[in-house]
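S.K.: Respectively, the protein sequence lines represent chains V and Y. Read in order, the letters of the first sequence are residues 14 to 287 in the working numbering. Read in order, the letters of the second sequence are residues 39 to 116 in the working numbering.
No wet-lab data here; the hints were simulated from the structure. This structure is a prediction, so every number in the text was calculated from the model and none was measured. Cβ coordinates follow ideal geometry from the N, Cα and C atoms, glycine included. Just so you know, nobody snuck in bad clues.
Quick list of simulated restraints, FRET-style, between CB atoms: (1) V/Leu175 to Y/Glu84: 35 to 43 Å; (2) V/Ile61 to Y/Ala45: 40 to 48 Å; (3) V/Phe204 to Y/Gly47: 41 to 49 Å; (4) Y/Gly47 to V/Phe103: 51 to 59 Å; (5) Y/Ala80 to V/Phe204: 32 to 40 Å; (6) V/Ser48 to Y/Phe72: 42 to 50 Å; (7) Y/Gly65 to V/Gly256: 19 to 27 Å; (8) Y/Leu42 to V/Pro188: 41 to 49 Å; (9) Y/Phe72 to V/Gly256: 19 to 27 Å; (10) V/Phe78 to Y/Thr49: 50 to 58 Å; (11) Y/Gly65 to V/Met191: 28 to 36 Å; (12) Y/Phe72 to V/Leu195: 24 to 32 Å.
Quick partial rundown of chain V residues pointing at chain Y, CB under 10 Å, derived from the structure: (13) Thr210; (14) Phe220; (15) Leu274; (16) Val278.
So the chains spell out like this:
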Amino acid sequence: MSASALLALSEGSCHLVPEGCGFPAPNTEIFNFDSVVEFSLFGLEFHITKPLILLLIGALLIVVFFVLAFRKAKIVPRGIQGLGEYGYLFVRDGIARETIGKAGDQFVPLLFTFFFFVWVLNIMSILPFAQFPVTSRFAIPVAFAILVYLVWVPLGVKKQGLVFFKNMTMPPDVPKAMYVLLVPIEILSNFIVRPFTHSVRLFANMFAGHMLLVTFSVATWYLLSPNIVGIIGSGASFVVTVGLTGFELLIQGLQAYVFTLLAAVYINDAVNAH
Amino acid sequence: MSLLAAAAGVTGSLGSIGYGLAAIGPGIGVGIIFGQGVQAIARQPEAYSTIRANMLLGFALTEALALIGFVAPFVFGT
Numbered sequence: 014m015s016a017s018a019l020l021a022l023s024e025g026s027c028h029l030v031p032e033g034c035g036f037p038a039p040n041t042e043i044f045n046f047d048s049v050v051e052f053s054l055f056g057l058e059f060h061i062t063k064p065l066i067l068l069l070i071g072a073l074l075i076v077v078f079f080v081l082a083f084r085k086a087k088i089v090p091r092g093i094q095g096l097g098e099y100g101y102l103f104v105r106d107g108i109a110r111e112t113i114g115k116a117g118d119q120f121v122p123l124l125f126t127f128f129f130f131v132w133v134l135n136i137m138s139i140l141p142f143a144q145f146p147v148t149s150r151f152a153i154p155v156a157f158a159i160l161v162y163l164v165w166v167p168l169g170v171k172k173q174g175l176v177f178f179k180n181m182t183m184p185p186d187v188p189k190a191m192y193v194l195l196v197p198i199e200i201l202s203n204f205i206v207r208p209f210t211h212s213v214r215l216f217a218n219m220f221a222g223h224m225l226l227v228t229f230s231v232a233t234w235y236l237l238s239p240n241i242v243g244i245i246g247s248g249a250s251f252v253v254t255v256g257l258t259g260f261e262l263l264i265q266g267l268q269a270y271v272f273t274l275l276a277a278v279y280i281n282d283a284v285n286a287h
Numbered sequence: 039m040s041l042l043a044a045a046a047g048v049t050g051s052l053g054s055i056g057y058g059l060a061a062i063g064p065g066i067g068v069g070i071i072f073g074q075g076v077q078a079i080a081r082q083p084e085a086y087s088t089i090r091a092n093m094l095l096g097f098a099l100t101e102a103l104a105l106i107g108f109v110a111p112f113v114f115g116t
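With these hints in hand, go ahead and build the complete structure from the sequences.
M.R.: This is how it looks when you write it as structure tokens:
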């Protein structure tokens, strides 16, 4: 860049942003993508967008990783198999057995799939070139939550019979008169709000995280100019972006864990009557 | 009546204010949960895994309130 261009840069402050002079604050538009491929099949319109491609890549990554890990399983695990077994044991001992107890072993495959699928989809948020958390599209956590709901409600009916609904809505050792108040609240919180919060928790965390990262990345670029204010502002935004990336890495793991833990807690309600 | 008239004049990012209000309660709740959780671990370090699981569970349930406050402006916003 020539000296005169640098001088021009230091004088004005809206040179780096293509349109207008204001700060291009990110809004919900950053979550909408144009379709990469469009085709119609059997009269249905299909629009393949970036989140869908990332979803498929995520599924493929997990399949490839665990096939590689357990393809030639040995008694004494080495290398990638050790890593795979560590992940499996974390879900089995840390989530399934911890919350469901001995009956939890049969649900390990489900919980294991949820944990790693959600985690990989979350990590897409900070992977270079992907940089979009797939779970911040609401449809995807909703699909997961519906799946969990369809597992634990029929399971409860199967294991406990229709008493399951009584167990879920009428906690014992409560004065009889209180049931008038308690039963509607329990129905609302256990059967209606539960799948909603289960999905919103994951969605909103990833949504907010992506929004924060985009805001500070845009600010880094927007404030960049060769004068003291620009250097300080842009540098501070860049440091915050890097720090937030580390923080997001923590949140992504935590949210995958919390999603799986809650799924296990719901299954526990169905399996073990209380 | 004058309150209503004053409220009608409020413009700008009300969603941000709503989120700020929605975050007060969960903020206190999350603080209590982790404070008590750390105290419990300090008292009984051998029960760490059980306490951690329950602590994160309580954290997740409390945090949902703040997150609903965060999402509501996007859903019901103009």
